[in-house]
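Participant: Listed below, chain by chain, are the residues.
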Amino acid sequence: MSIYSLWGALEIGLIFGLVALGVLISFRILRFPDLTVDGSFPLGGATAATLISVGVDPFLSTLVATFAGALAGALTGWLHVRLKIMDLLASILMMIALYSINLRIMGAPNIPLIMEPTVFTVLQPSSLQDFVFRPLMLLVLVIVVKLALDWYFSTEIGLAMRATGSNPRMARSQGVATGNRILAGMAISNALCALAGALFAQSQGGADISMGIGTIVIGLAAVIVGESIMPSRRLVIATVAVIVGAVLYRLFIALALNADFIGLKAQDLNLVTAVLVTIALVIPLLKQRLRGKGGR
Amino acid sequence: MLSAKNVAITFNAGTPIETRALRGLSLEIPAGQFVTVIGSNGAGKSTFLNAVSGDISIDSGTIAIDGRDVTREPVWTRAERVARVFQDPMAGTCEDLTIEENLALATCRGKRRGFGRSVKPAMRELFRERVAVLGLGLENRLTDRIGLLSGGQRQAVSLLMAALQPSRILLLDEHTAALDPRTAQFVLDLTARIVAESKLTTMMVTHSMRQALDVGDRTVMLHQGKVVLDVSGEERKGLDVPDLLQMFERVRGEKLSDDALLLG
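Taken in order, these protein sequences are the chains called A and B.
Going by the working numbering, the first sequence opens with residue 1, and the numbers climb by one from there.
Going by the working numbering, the second sequence opens with residue 1, and the numbers climb by one from there.
Just so you know, these hints were derived from the structure itself, not from any lab.
Mixed in with the good hints, there may be bad ones.
As the list claims (entries may be wrong) - Per the computed footprint, the stretches of chain B lying under chain A, defined by three or more beta-carbons under 8 Å from a beta-carbon of chain A, are:
{"id": "1", "stretch": "46 to 53"}
{"id": "2", "stretch": "83 to 94"}
To be verified - Some chain A residues near chain B, calculated using beta-carbon distances under 8 Å:
{"id": "3", "residue": "L159"}
{"id": "4", "residue": "R162"}
{"id": "5", "residue": "A163"}
{"id": "6", "residue": "M170"}
{"id": "7", "residue": "R172"}
{"id": "8", "residue": "G175"}
{"id": "9", "residue": "A254"}
{"id": "10", "residue": "R289"}
The structure presented is a predicted model; accordingly, all values stated were derived computationally and were not measured.
Glycine included, C-beta positions come from ideal geometry on N, C-alpha and C.
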């Protein structure tokens, strides 16, 4: 594996670290099985790429993309909370609606960003090579987001959101408007996914309508891998764990696809993902079995 | 202070399994009174409690707490006035949160939640003091997940949480029923102490007639969704479990003869 593909894996891993943080909020904190992610990730990409291609500032474009994701997430939450549609189904409805919306936004199945300025090229210092600079910049951003989330969940309103996911009936009896907390949590979660999509489009040279396929599986994989290597109930550790999980996952994938002797090709990506997630899910069970035998 | 007038609730109306859980129940509880509520299964005890808390919306009638009509209010806005301990020890606390986070959550009951730190150092001192009163050694475990505690310990913490903020009425829903006898007695004593200290207006649903007579100032018996017996003061002091059972049988008998008349 070349040093170039290693930096590349780190770069994409960190972008998916943002998705993993979003998935941590929806699946783990709110316990809301949210597939909107497969639509909000390309929504971010589509919005940012479209705006940049017509000459809008890349930072403003990325910000607008992030808000678009927040809106999508809040809508999923609204379908569930106000219209009483089952959580999983509400998110699937939103996901397929976003497919059409993303096509509308882009006006074409893809928008290339080749010569246009991006958040990366604007900040790029001449002393660093671009494939080194991008992961470093993303690392700083991901750490900032992680710290912001840690702060949020330590506030009164953040605690109310955690209670909403853990025990909604008790949360209501303590005066928490649980419906609003779900809406807010879903908005934050999908804003992070859209931000990731916007950065992905800018780092990979454009947005594509199919860029969202399997995002939720990768996000969940990152969460599960992270939780199995750094198991902890503490949120400040969980937010590190899922980022580490996302990066490790990308490194595994890069290794698997680069090792010629295995014979895997790029088209095997989703199969490798499925196998990796299965392994990560089975490891805790195996550990338990082994421990059980050791005790006897 | 609680004022419930002609509260009626029917579950599954218009279907073969239609249940008229409450049939025009009226009950006034003046400020500072501790009322125990008894009745057989299906008498409507828990349904009434859930109607007061707002977990179940009522079909007709009105519920006012401290003069404010809360009939159409959701649970979380009533929470400003209503404190509650559930029957299931797992239900009243958030198992994923630490002991201090659970207490912090209860500290915000009835207040606007903002972006201030949820657990402040000054709060931690107060929590330590309150929890120490339990004598369970929890004051040194404030940062432990509450899921690690036993049912009795969690129920004791739930009680503390209910008393952290002022309330107009405290609702206790058979909160000792899921505990072993010794722990149940401990939680019951704690209840009596907390209620007396803060002079809380309290409604406690219980399955035990002994408990209903031993604690509180007034006992109300529900049957088929209505108040059928209401004793307090001197009359109540003289009562024993067999008297209560006899009264219950008599009430039931009357109901039966009513039905017999109707059918005849």
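Participant: The structure should be examined with respect to each hint, and the outcome stated for every one.
Facilitator: Taking the hints in turn, this is what the structure says about them:
1. 46 to 53: violated (count 1)
2. 83 to 94: holds (count 6)
3. L159: 4 Å, holds
4. R162: With Cβ-Cβ at 6 Å, under 8 Å, it holds.
5. A163: Nearest chain B Cβ about 5 Å off; hint holds.
6. M170: Check passed: Cβ of A/M170 comes within 6 Å of chain B, closer than 8 Å.
7. R172: Nearest chain B Cβ about 4 Å off; hint holds.
8. G175: 3 Å, holds
9. A254: 34 Å, violated
10. R289: At 24 Å from the nearest chain B Cβ, A/R289 fails the 8 Å test, so the hint is violated.
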